[in-house]
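With the numbering used here, the residue at position 97 of the sequence shown is 97, and numbering never jumps.
Calculated from the structure, these hints are not laboratory results. Worth double-checking, as some hints may not be accurate.
Below 30 Å or equal to it, Euclidean Cα-Cα: the simulated BS3-like pairs (lysine-lysine) are [said to hold, decoys possible]:
1. Lys142 x Lys102
2. Lys129 x Lys22
3. Lys22 x Lys162
4. Lys143 x Lys118
5. Lys154 x Lys143
6. Lys142 x Lys22
7. Lys95 x Lys118
8. Lys95 x Lys162
9. Lys102 x Lys22
10. Lys154 x Lys102
11. Lys22 x Lys41
12. Lys162 x Lys118
13. Lys95 x Lys41
14. Lys102 x Lys118
15. Lys129 x Lys143
16. Lys142 x Lys129
17. Lys162 x Lys102
18. Lys118 x Lys142
19. Lys41 x Lys128
20. Lys143 x Lys22
21. Lys30 x Lys154
22. Lys95 x Lys129
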Amino acid sequence: MANACPICLDLLGSAAFVVVQKDLNGNIAKLEARLAADPEKSATLEGLLAAEAAEGDRTASQGLMWLLRGLQFTLIGLQRSLANPTEELSASFNKAYETTLKPFHSWVVRPVFSLAMKSCPYREDFYKKLGSPQERVLSEGKKWLDGLEVIVTKMQTLYTEKNYTQGL
Numbered sequence: 001m002a003n004a005c006p007i008c009l010d011l012l013g014s015a016a017f018v019v020v021q022k023d024l025n026g027n028i029a030k031l032e033a034r035l036a037a038d039p040e041k042s043a044t045l046e047g048l049l050a051a052e053a054a055e056g057d058r059t060a061s062q063g064l065m066w067l068l069r070g071l072q073f074t075l076i077g078l079q080r081s082l083a084n085p086t087e088e089l090s091a092s093f094n095k096a097y098e099t100t101l102k103p104f105h106s107w108v109v110r111p112v113f114s115l116a117m118k119s120c121p122y123r124e125d126f127y128k129k130l131g132s133p134q135e136r137v138l139s140e141g142k143k144w145l146d147g148l149e150v151i152v153t154k155m156q157t158l159y160t161e162k163n164y165t166q167g168l
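Hey, can you work out the whole structure from these sequences and the hints?
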């Protein structure tokens, strides 16, 4: 599911989203490196987080935390878009940015995301790229987002309950 997010950003068709994609891909690479280094302890995300907390090297935990933030940003932006059929993608993603990533970004990073939001394609063009008929695209998109929401919520809850964000 995480690998689908950069593909989804590809469909936005903007060079400004390359920065976002690189960030997501970099965080996925941290998780893949951890899995390759210790497949037994990293077989699940829960196991990976527990192992890194015990060992002290939290590289993959930090990557997962940022990946979850990026996935939440994508989730909320697309949920807003589906819930507000007249709202342009730039508005949906701007609102999502305000509540998901902006609180964690420095003043240096915020303008990069602002540029990316301004360069979102028109809503109609984006949804046409996803396929047809549009009723099916919207229905399948909602199912995909519902599944993503379950995963993101579960992992965010785990981070909170186990205090895995401490020191990241």
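- Query: Is Lys129 close enough to Lys22, meaning Cα to Cα at most 30 Å?
  - Reply: Roughly 22 Å separates the two Cα atoms, so the pair holds.
- Decide if the proposed pair is consistent with the structure: Lys154 and Lys102, CA atoms, cutoff 30 Å inclusive. Given pair Lys154, Lys102 holds - Cα atoms ~22 Å apart, limit 30 Å.
- Take a quick look at whether Lys129 and Lys143 sit within 30 Å of each other, Cα to Cα. 18 Å, holds
- Message: Does Lys118 sit within 30 Å of Lys162, going by the straight-line distance between their CA atoms?
- Response: It is violated: about 37 Å lies between the C-alpha atoms, which goes past 30 Å.
- Task: Measure nothing beyond the straight line between the CA atoms of Lys22 and Lys162; if it is 30 Å or shorter, mark the hint as holding.
- Result: 28 Å, holds
- Item | Straight-line alpha-carbon gap Lys143 to Lys22, limit 30 Å | 26 Å, holds
- Is it true that the CA of Lys41 sits at most 30 Å from the CA of Lys128? 42 Å, violated
- If you draw a straight line from the CA of Lys142 to the CA of Lys129, is it 30 Å or shorter? 16 Å, holds
- Query: Does Lys95 pair with Lys41 here, judged by a C-alpha cut-off of 30 Å?
  - Reply: Violated, at roughly 37 Å.
- Message: Tell me if the straight-line CA distance from Lys143 to Lys118 falls inside 30 Å.
- Response: This hinted pair holds, its Cα atoms lying about 27 Å apart.
- Task: Would you check the hint for Lys142 and Lys102, treating anything up to 30 Å between C-alpha atoms as holding?
- Result: Cα-Cα ~25 Å, so holds.
- Query: If you draw a straight line from the CA of Lys102 to the CA of Lys118, is it 30 Å or shorter?
  - Reply: 15 Å, holds
The structure shown violates the earlier hints numbered 12, 13, 19.
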